[in-house]
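Asks: The whole structure should be built from the sequences, with the hints applied where relevant.
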Amino acid sequence: MTQLLPRVADEPVALTEPPPPRRRRTRAEPAGGIVSSSDWRRPSVCYLLLTVHFIVLAALIVIGLGPILWLAKAAITPTQDTLRKPLALWPHGMDWANLSTAWSSMHLGHYLWNTVVIAGGSWLSQIVVATTAGYALSVLRPKYGRVLSALVLGTLLVPTVVLLVPLYLTVLNPPLLHHSLLNSFFAVWLPAGANAFNILLVKRFFDNLPREVFEAARADGAGPFRLFWSIVLPMSRPILGVVSVFAIIASWKDFLWPLLVLPDPAKQPLSVRLPTLAGSVELDTLLAALLISTLIPIALFLLVQRLFLRGTNLSGAIKG
Amino acid sequence: MLHHVGASPRRSCADAPDDTGASAQDRGSVAATSKRRPASRARRRRSPATWIRGGGLSTLVFLLPMLVVFGVFSWYPIVRAVVMSVQQTNLATAAHWVGLENFRHVLADPLLGTAVRNTLYFALLALVFGYPVPLVLAVLMSEVRRWRGLYSALAYLPVVVPPVVAVLLWKFFYDGSPTGVFNTIAGWFGLGPYPWLQNESSAMPSLVLEATWAAAGGTVIIYLAALLSVPADLYDAAAVDGASTWRKVWHVTMPQLRGVLLITLILQLIGTAQVFLEPYLFTGGGPSNSTMTVLLLIYDYAFGNSLGGDYGAATALSVMLAAVLAVLSAVYFRLTRSWSTS
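Here the protein sequences come in this chain order: C and X. Counting in my numbering, the first sequence runs from 1 upward without gaps. Counting in my numbering, the second sequence runs from 1 upward without gaps.
Just so you know, not all the hints are guaranteed correct.
What the hints assert, rightly or not - EDC-like, lysine to aspartate or glutamate: derived pairs with alpha carbons at most 20 angstroms apart:
#, chain 1, residue 1, chain 2, residue 2
1, C, Lys253, C, Asp264
2, X, Lys248, X, Glu143
3, C, Lys73, C, Glu282
4, X, Lys248, C, Asp39
5, X, Lys248, X, Asp233
6, C, Lys73, X, Glu143
7, C, Lys73, C, Asp39
8, X, Lys171, X, Glu143
9, C, Lys85, C, Glu282
10, X, Lys171, C, Glu282
11, C, Lys85, X, Asp175
12, X, Lys171, C, Asp264
Said to hold, decoys possible - What the simulated footprint calls covered on chain X by chain C, stretch by stretch (three residues with Cβ under 8 angstroms from a Cβ of chain C suffice, anywhere in the stretch; the number is not a length):
#, stretch
13, 97 to 108
14, 313 to 326
Think of the hints as simulated: they come from the structure by calculation, not from any bench. Ideal placement from N, C-alpha and C gives every residue a C-beta, glycine not left out.
Replies: Now the structure itself:
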């Protein structure tokens, strides 16, 4: 929750006196957990717990990491070895060429680039819509804001599935534009922006920013645009980070929508393209391709894992 | 956090269920806020000039992206879904009204019963597989004092794998031959070989197993966050009263988690009711429709080659599914609201 609260302190202060790292705080927290500290000191309890923890760790490694490690091994193993002895710990021969074959013969670079472009555009559209709407509804507060907020939040009640067909037909023939967006990245970017949850998150965050700062800026003659760009946005970096991560992950994972609106293979992201390609390439090449497409999200995850692992997923929905 | 801490402290928690904050203005508390809201003057003398000077135009400029995007890609399609469900529409001929014909057509489709049953079966299996495991795991992990980050990262790793990659990988794991990955493992214990995806009775559990693997990590993290926010003095108090570890889990931890447990339950139900990726990529609904789900049926109505282009039937079914899910969502919002204000 701490990161959802506005950080008002100036950066210089934070630089001279760095706050204690958050991780230590969470680790110190369970001092009075389910098993009390005095119990921990008893050797029998301690050994039992350590054994349980070891078993949990082993299970997590096998189940969580295992398939990915297997994929890594299989990606550099010749097809025949993988087929005959899929669980052999050490392959007979290493076939590093699989990776380069997969990259070049399946044009992974091209589809990966599509994925990146789609994710980037979806991110931009979500950020723009969420920040401007959140600002207008939370800071500027027009009279009709109440109605608009209700209309936006109401869409949270409508599951995405109900929109599948009408949204597809809207993309085929958008109102006002009258030019099909099929096979255009805008068909993915723009609907991604219509995310009420983002607006909810951002608006809640803006609601909690100190009003005095806005008053001061207004007194100094800042107009609504200046206030937005120079005051509100710089103060809202934490929430923008959360929205960005959600936006990029959702876009990276999306399958059905890009499958529908990007029928042209040259425009498809990797996730849509892989199942089609899977039927037409050798097994070892396919597994190499799967490994390549997994490595990037995993690398990103390891970079920003703190954001994932602090339960922001739901704390935003529940408490935010 | 649902009420506005800094923004408008005048509002009580029992206020109307919206979040605009403009309400403070309308409740006769104008005096306190009118200084920064010259727009309130415009209410008395409505002329475009004062409206613009009061910032009405720039507000509208800020709202424009949302209005356009939501108008075209959210509100309009929602209305259109309702309209289309009572129309006969394919792109070739003009749409005409058919009343409830689409609903009748869908309800008469023998596949609908199969799809609903399969979806419920998927949801049930997902609950059996996927509901207790993350909870137990999170409770055990909450007691880990060193390297908990490592545990969380390992548990979350499958969630990071792109869903399509996970399905394609597991499709290979599920290879029905004796040298398939899972069959090799089963062979170590003298079991199998199993047909996994090729068999009507084992196809659905196989899908759910993969779906659980792919999603459980997220739930673990949610539970873990909730567990770590249980106040330590509750445990201390229980310890003083001589409660055993098991009793502490049952009488302290679980009641504290009740809200989160209910919420993840509803979220999981909403998610499983819309399952598409697994049946589409693993089995395509087969063998003999044993993994045909509701969303797959909607997809088939609208975009499938066999039936193709029956948008009316697809939206009629979507609307029916949405009605069911809306009830669940409403319960969800109710819960999150009461839970966070209490």
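Asks: For every hint, state whether the structure bears it out.
Replies: Cross-check of the supplied hints:
1. Lys253(C) <-> Asp264(C): Distance of about 19 angstroms is within 20 angstroms: holds.
2. Lys248(X) <-> Glu143(X): 13 angstroms, holds
3. Lys73(C) <-> Glu282(C): Status holds; Cα separation ~16 angstroms.
4. Lys248(X) <-> Asp39(C): Distance of about 13 angstroms is within 20 angstroms: holds.
5. Lys248(X) <-> Asp233(X): 12 angstroms, holds
6. Lys73(C) <-> Glu143(X): The given pair, whose Cα atoms are some 33 angstroms apart, is violated under the 20 angstroms limit.
7. Lys73(C) <-> Asp39(C): Violated: lysine 73(C) and aspartate 39(C) sit about 43 angstroms apart, past 20 angstroms.
8. Lys171(X) <-> Glu143(X): Outside the cut-off at roughly 35 angstroms; violated.
9. Lys85(C) <-> Glu282(C): 17 angstroms, holds
10. Lys171(X) <-> Glu282(C): This hinted pair holds, its Cα atoms lying about 15 angstroms apart.
11. Lys85(C) <-> Asp175(X): Given that 20 angstroms is the threshold and the Cα spacing comes to 13 angstroms, the pair holds.
12. Lys171(X) <-> Asp264(C): 26 angstroms, violated
13. 97 to 108: violated (count 0)
14. 313 to 326: Our answer is that it holds, as 8 residues pass the Cβ test (under 8 angstroms) against chain C, meeting three.
Of the hints listed earlier, those the structure fails to meet are numbers 6, 7, 8, 12 and 13, in rising order.
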